[in-house]
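In order, the protein sequences belong to chains W and C. Position 63, counted from 1, in the first sequence is what my numbering calls 63; the numbers after and before it change by one each time, with no gaps. When you read off a place in the second sequence, starting at 1, and then add 115, the result is the number in my numbering.
Hints may contain errors.
[Unchecked claim] Here are the simulated BS3-like cross-link-like pairs (lysine-lysine), alpha carbons at most 27 Å apart as the crow flies:
1. W/57 <-> C/186
2. C/215 <-> W/78
3. C/215 <-> W/57
4. C/171 <-> C/210
5. W/42 <-> C/186
6. W/57 <-> C/210
Hint data in this document are derived by calculation from the structure and do not stem from the laboratory. Note that this is a predicted model, so its numbers are computed, not measured.
Each chain, letter by letter, is given below.
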Amino acid sequence: EPEVTQTPSHQVTQMGQEVILRCVPISNHLYFYWYRQILGQKVEFLVSFYNNEISEKSEIFDDQFSVERPDGSNFTLKIRSTKLEDSAMYFCASSGDSLGVGEQYFGPGTRLTVT
Amino acid sequence: GESVGLHLPTLSVQEGDNSIINCAYSNSASDYFIWYKQESGKGPQFIIDIRSNMDKRQGQRVTVLLNKTVKHLSLQIAATQPGDSAVYFCAENIKAAGNKLTFGGGTRVLVKP
Numbered sequence: 001e002p003e004v005t006q007t008p009s010h011q012v013t014q015m016g017q018e019v020i021l022r023c024v025p026i027s028n029h030l031y032f033y034w035y036r037q038i039l040g041q042k043v044e045f046l047v048s049f050y051n052n053e054i055s056e057k058s059e060i061f062d063d064q065f066s067v068e069r070p071d072g073s074n075f076t077l078k079i080r081s082t083k084l085e086d087s088a089m090y091f092c093a094s095s096g097d098s099l100g101v102g103e104q105y106f107g108p109g110t111r112l113t114v115t
Numbered sequence: 116g117e118s119v120g121l122h123l124p125t126l127s128v129q130e131g132d133n134s135i136i137n138c139a140y141s142n143s144a145s146d147y148f149i150w151y152k153q154e155s156g157k158g159p160q161f162i163i164d165i166r167s168n169m170d171k172r173q174g175q176r177v178t179v180l181l182n183k184t185v186k187h188l189s190l191q192i193a194a195t196q197p198g199d200s201a202v203y204f205c206a207e208n209i210k211a212a213g214n215k216l217t218f219g220g221g222t223r224v225l226v227k228p
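Can you make the complete structure from the sequences, with help from the hints?
In structure tokens form, the structure reads like this:
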């Protein structure tokens with residue numbers, strides 16, 4: 001069964017450093033998403049991406065965040081200058097094909113620890 | 116995928132019994148609802164969805180009920196198995212506004228053998 005994959009599974013970085021979290025969505029999907037989950041809190045939407053541009057973003061997704069689909073298979077989330085409060089699980093998800101949006105399939109997540 | 120929270124409500128269920136997990140959603144404009152299951156170390160896994168023009172939908176061993184009057188969603192799991200032990204999240208969406216999912220706080224289900 002096709003699945004969303006994410007790398008790395010755990011990333012430790014120092015405050016102020018840039019990080020790039022990587023995702024490989026399901027191959028025929030057209031819609032891509034990033035969510036995060038701070039320990040003990042709800043899963044929160046960050047951004048959605050379709051047709052090579054951001055279609056929706058939350059208040060969390062400020063100028064420190066960016067997303068990119070550098071090739072036909074990868075979808076990345078970059079945090080330019082990490083803060084302690086960026087420590088969380090980051091989930092990538094994908095959905096949809098030419099017939100419609102469909103359900104969102106989530107990857108296993110990347111645990112980001114900012115020290 | 117750690118979804119453990121110090122204040123997660125927990126439902127303990129005997130193996131073989133039925134489970135009912137409840138969710139109060141926040142936005143009366145939401146018209147699409149999904150239940151996700153999250154096991155330790157994994158991302159949310161889709162279980163079942165329902166649109167607002169329905170009040171009940173059944174899947175394999177699972178049933179989702181939607182009460183729009185009181186903004187309440189429930190997930191029923193029949194004949195609960197040890198593999199059902201996980202954290203369960205409801206999520207809501209307004210289709211016309213985009214694909215953003217708004218998640219609830221989660222319920223931990225513990226299945227006792």
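Going down the list of hints, with the structure as the test:
1. W/57 <-> C/186: 25 Å, holds
2. C/215 <-> W/78: 20 Å, holds
3. C/215 <-> W/57: With a Cα-Cα distance of about 8 Å, the restraint between residue 215 of chain C and residue 57 of chain W holds, given a limit of 27 Å.
4. C/171 <-> C/210: The given pair, whose Cα atoms are some 19 Å apart, holds under the 27 Å limit.
5. W/42 <-> C/186: 19 Å, holds
6. W/57 <-> C/210: Measuring from Cα to Cα gives roughly 15 Å; hence the hint holds.
In terms of the numbered hints stated before, the structure departs from none.
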